[in-house]
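S.K.: Spelled out from the first residue to the last, the chains are:
2 protein chains.
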Amino acid sequence: MKSVTWNNLSNSRSFARLRTLPRPQQKPVESAAVGEQEIPITDALRYNYAAKGVTTEIEHALAAVAEEQQCIDKFEALAAGEVINSGEQRMVLHHLTRGQLMQSLLESADGLAQFYDQQHRRVADFASAVHQGRIKGSTGKPFDTVVQIGIGGSDLGPRAIYLALKNYALASAEGLKMRAHFISNVDPDDAAEVMSQLDPQTTLFILVSKSGTTQETLTNEAFVVELMQRAKIAGLQPHKHMIAVTSQTSPLASSDSYLDAFFIDDYIGGRYSSTSAVGSTILTLALGERIVAEFLRGAHDADRSALNRNVRSNAALMDALIGIYERNILGYPATAVLPYSQALSRFPAHLQQLDMESNGKSVNRYGKAIDYSTGPIIFGEPGTNGQHSFYQLLHQGTNIVPLQFIGFQSSQLQTDITVDGSTSQSKLNANLAAQIVAFSHGKSDADPNKSFSGGRPSSLLYAERLTPHTLGALLAHYENKVMFQGFLWNINSFDQEGVQLGKLLAKQLLSGHADGALGAYASMLQV
Amino acid sequence: MKSVTWNNLSNSRSFARLRTLPRPQQKPVESAAVGEQEIPITDALRYNYAAKGVTTEIEHALAAVAEEQQCIDKFEALAAGEVINSGEQRMVLHHLTRGQLMQSLLESADGLAQFYDQQHRRVADFASAVHQGRIKGSTGKPFDTVVQIGIGGSDLGPRAIYLALKNYALASAEGLKMRAHFISNVDPDDAAEVMSQLDPQTTLFILVSKSGTTQETLTNEAFVVELMQRAKIAGLQPHKHMIAVTSQTSPLASSDSYLDAFFIDDYIGGRYSSTSAVGSTILTLALGERIVAEFLRGAHDADRSALNRNVRSNAALMDALIGIYERNILGYPATAVLPYSQALSRFPAHLQQLDMESNGKSVNRYGKAIDYSTGPIIFGEPGTNGQHSFYQLLHQGTNIVPLQFIGFQSSQLQTDITVDGSTSQSKLNANLAAQIVAFSHGKSDADPNKSFSGGRPSSLLYAERLTPHTLGALLAHYENKVMFQGFLWNINSFDQEGVQLGKLLAKQLLSGHADGALGAYASMLQV
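The listed protein sequences derive, respectively, from chains A and B.
Residue numbering for the first sequence follows our numbering, beginning at 19 and increasing consecutively.
Residue numbering for the second sequence follows our numbering, beginning at 19 and increasing consecutively.
The set of hints was computed from the structure by calculation and includes no laboratory data.
Do not take every clue at face value.
One copy or any two copies: either way a pair holds, since identical chains are not told apart in the list.
The calculated BS3-like cross-link candidates involving lysine-lysine, where the alpha carbons are at most 27 angstroms apart (straight line), are [as the list claims (entries may be wrong)]:
#1 Lys386 - Lys468
#2 Lys386 - Lys461
#3 Lys521 - Lys20
#4 Lys461 - Lys20
#5 Lys521 - Lys45
#6 Lys184 - Lys525
#7 Lys184 - Lys250
#8 Lys258 - Lys386
#9 Lys250 - Lys461
#10 Lys461 - Lys45
#11 Lys159 - Lys461
#12 Lys386 - Lys45
Model the full assembly from the supplied sequences, consistent with the hints where possible.
M.R.: Structure representation (structure tokens):
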């Protein structure tokens, strides 16, 4: 394995050269390009960037930047257990939760692959005991509902994945194992509302906090216990309805108050923890072991493809490089993620966290200020809904917003009808194809209000159907894209110091130390 | 009433002068300012902009821009029935759905105030017959569930409002009248999933389309009818379970296939239709007449305050002007909307449509190209969730994103507990106060990775509690802010030609006319 050196993007000669190249004229995408500019991620999932307007010359220059910034060497170093999270001096091992990428990791991080795998197996055994009624609620009723109490990385990813696969499970032979709900916000209305929909006797709660000290999560745990007690159900013991997902050193790990505990560690960042026990516990309970195994396999397959040294065969790297080009050369401040799939309704919210929390940084991995733009704003909603909402600005606004479409040839539930000669799924995909072309080609009109300038770049991730395997690959594709962009910008994508100041001030306020403006706002809000 | 002239922002002398003023140093917000820079919108809702870093000098200059661009004169002209929607040559009358603002409208648009009011009353009578069981399902069971089938403006606003007030209704003496669901996407998985949760015998569907030709909505109507028929329930007549909200000239209005129909007209744009029958039908059925009346009253009260000629007493105008300053002088491309209230979880998605579809334009109201930035990107999620997600970028990213916080002193369900000496509601608001101060003040640290530059501007809309009246005012505040920004930019905020090209191409594709790139994408997606 090559040793790596860490350099700012602004010191890269290849990047300097990229700047000198003529910018593409954003020509309308041609049908020939549609077949050519495409990279497989797995057997099922493909990344098509024909409508990005990237010329062969720019593609080559981007490949040179990836080479000079040692993107693949750095991914290999990460996968082999080097301390990539420089700020917190930690390894970055979320890839290991879905499979071994580098044999050498066995030496540098002995036992961790086994540890993550063991947790998945413990989860599967526990889930199977719950499904078979061997583990029951404290009043003797079987569990049929599971509630994740967690926030940020312990909420957005697992929630998005559950929503994405719930209907897949429903339509499968085994069906959905348990209904899942999520409590995240410290707003008391969040927990109160979820609780109002549940029968506490048949509900299992999963408390998820790596540190075991997350304010929202501990508060919501107490909230749930209190509401269960207020229900005054004879024999109901709240802590017999709770399991924990936490690190082995956290206060939760050693507590007797839980039915069981499953573990993660410091090498799995919150926003990268969907494939660790943070995600697998609720997903295995709700969807079953088989679906989770396929999901993990999909992520692993995408990870393997992200190790490819040829940019033209590495979709995550190509996606990352085009993003850098759009951000640092073309100066676009945001990217929209637009899944044409209602099942992916919360996937953009997860990607918003993954990307903005990882790469919304102003210092390099050594803590020195950098003088170029890093992570863009990420937002999005499912199509066709977005078409009737914010697409107006995307088509005719004064800023260009690069677009990432996601689409599937078939629906998940496979319940469909034909109206006016086409199915709903055909209408959905006709709209998707039409949007890609409309954004790229534009249209001139004698009335400038009805003119479309075109030249608005987009890419498309697509597969036959949104299966667990494809979803795993989709998730890993974005994780790897964000990782590569961090390497290119020379920032640490695995810490989040920017969330600390607010926490600190809130704590001061709650312990009565509020003066000046903080006190003024607190009194306005009756804290 | 003054006659108005329409000028580009770039021709405004006051705006040119604003450019020459020293930019504020983005000083940390001081406690004295917190009490001073605040404007009441209604008795309950207030707009605080102390943390926006706007100096008195800039405030005066902004007031001069508002004066020169005749913002209030134009609002009066709009309210009096002038043809403000220049592209489509229509009046803009959504304010009239919640009350009369200008007496003169009675002359220029005779009967329309009565028309909107009559529709609300017809809706209330119908809802009351449903609630009392005088109108029942076709198999004789009372209706307990209502489903809105609509997209864009017929979906996002009503959905956000229902979610915002559902718990308020639950906690009220009368309770929730009916459960509501929404079907919007043409993705067949959307309708199939909603239908799988319902008993068709007790469900009432509302088909909402102004034109009566919206592809998604008509397809989903057919979808719902088909699924009801497939259920093979003896005596079930799908069209006895359907009402329509449409314009009087649409194909739906004259159909015998509906139990009843309620009307809107061309003077109510989709994204402004939440206070028309588009919103009031589902909201009255689900929440009851009293809550809807309070909601409309809140919107009307905010409208009245937006007519105030003194910018220091007109929160919508001040909010609009500060937005222009941030967009056109400071060059910030996006704004985040951050409600500290789980009930407002989908309110940012509604505002995203309202703002981006209204002001994402590149031509002025006469169809001439303009040379300055218009509508920003709008995105957001509830706090404290967002704190554990994208706030990292907001605090330490390389772009500054102006923030709009929303907060309430008390919770909606009033179910709360004390943990570590504070309630969940106190924790929620301590976090909100802490964030405002953290973004403004920042914090220096020897480790640049732990430093916060501060100077990140925010405003706060706050009230005692999220009531129907307050929500109405909040909604109208944003509608009026967007309207004022349209006046300032000299664009037409009431059309949406940018959504047409995609529709056209999708239609071509579905009728078999696909070649070139469009055909290539269609075949890739198996359209």
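S.K.: If the cut is 27 angstroms between Cα atoms, do Lys250 and Lys461 qualify within a copy, between copies, both or neither?
M.R.: Classified as neither: same-chain Cα gap 66 angstroms, cross-chain 48 angstroms, threshold 27 angstroms.
S.K.: How do Lys461 and Lys45 come out at 27 angstroms by Cα distance, when the copy is not named: within, between, both, or neither?
M.R.: Classified as within: same-chain Cα gap 12 angstroms, cross-chain 46 angstroms, threshold 27 angstroms.
S.K.: Taking 27 angstroms as the upper bound on the Cα-Cα distance, should Lys159 and Lys461 be classified as within, between, both, or neither?
M.R.: neither (63 angstroms within a copy, 53 angstroms between copies)
S.K.: Between copies, within a copy, both or neither: which fits Lys184 and Lys525 at Cα up to 27 angstroms?
M.R.: Neither: 38 angstroms inside a copy, 31 angstroms across copies.
S.K.: From the Cα coordinates, with 27 angstroms as the cut-off, is the pair Lys386 and Lys45 best called within, between, both, or neither?
M.R.: between (39 angstroms within a copy, 24 angstroms between copies)
S.K.: Between copies, within a copy, both or neither: which fits Lys258 and Lys386 at Cα up to 27 angstroms?
M.R.: Result: close neither inside a copy nor across copies, 49 angstroms intra and 68 angstroms inter.
S.K.: Between Lys184 and Lys250, at a C-alpha cutoff of 27 angstroms, which is it: within one copy, between copies, both, or neither?
M.R.: Classified as between: cross-chain Cα gap 26 angstroms, same-chain 32 angstroms, threshold 27 angstroms.
S.K.: Can you give me the call for Lys386 and Lys461, within, between, both or neither, at a CA distance of at most 27 angstroms?
M.R.: between (46 angstroms within a copy, 16 angstroms between copies)
S.K.: How would you label the pair Lys386, Lys468 (within, between, both, or neither) given a Cα cut-off of 27 angstroms?
M.R.: between (48 angstroms within a copy, 11 angstroms between copies)
S.K.: From the Cα coordinates, with 27 angstroms as the cut-off, is the pair Lys521 and Lys20 best called within, between, both, or neither?
M.R.: neither (40 angstroms within a copy, 52 angstroms between copies)
S.K.: Could you place Lys461 and Lys20 in one of the four classes (within, between, both, neither) given a Cα distance threshold of 27 angstroms?
M.R.: neither (50 angstroms within a copy, 39 angstroms between copies)
S.K.: With identical chains treated as interchangeable, where does the CA-CA distance between Lys521 and Lys45 reach 27 angstroms or less: within a copy, between copies, both, or neither?
M.R.: For Lys521 and Lys45, the Cα distance is within 27 angstroms only across copies (22 angstroms; inside one copy 48 angstroms).
Hint compliance for this structure: hints 3, 4, 6, 8, 9, 11 are not met, and every other hint is.
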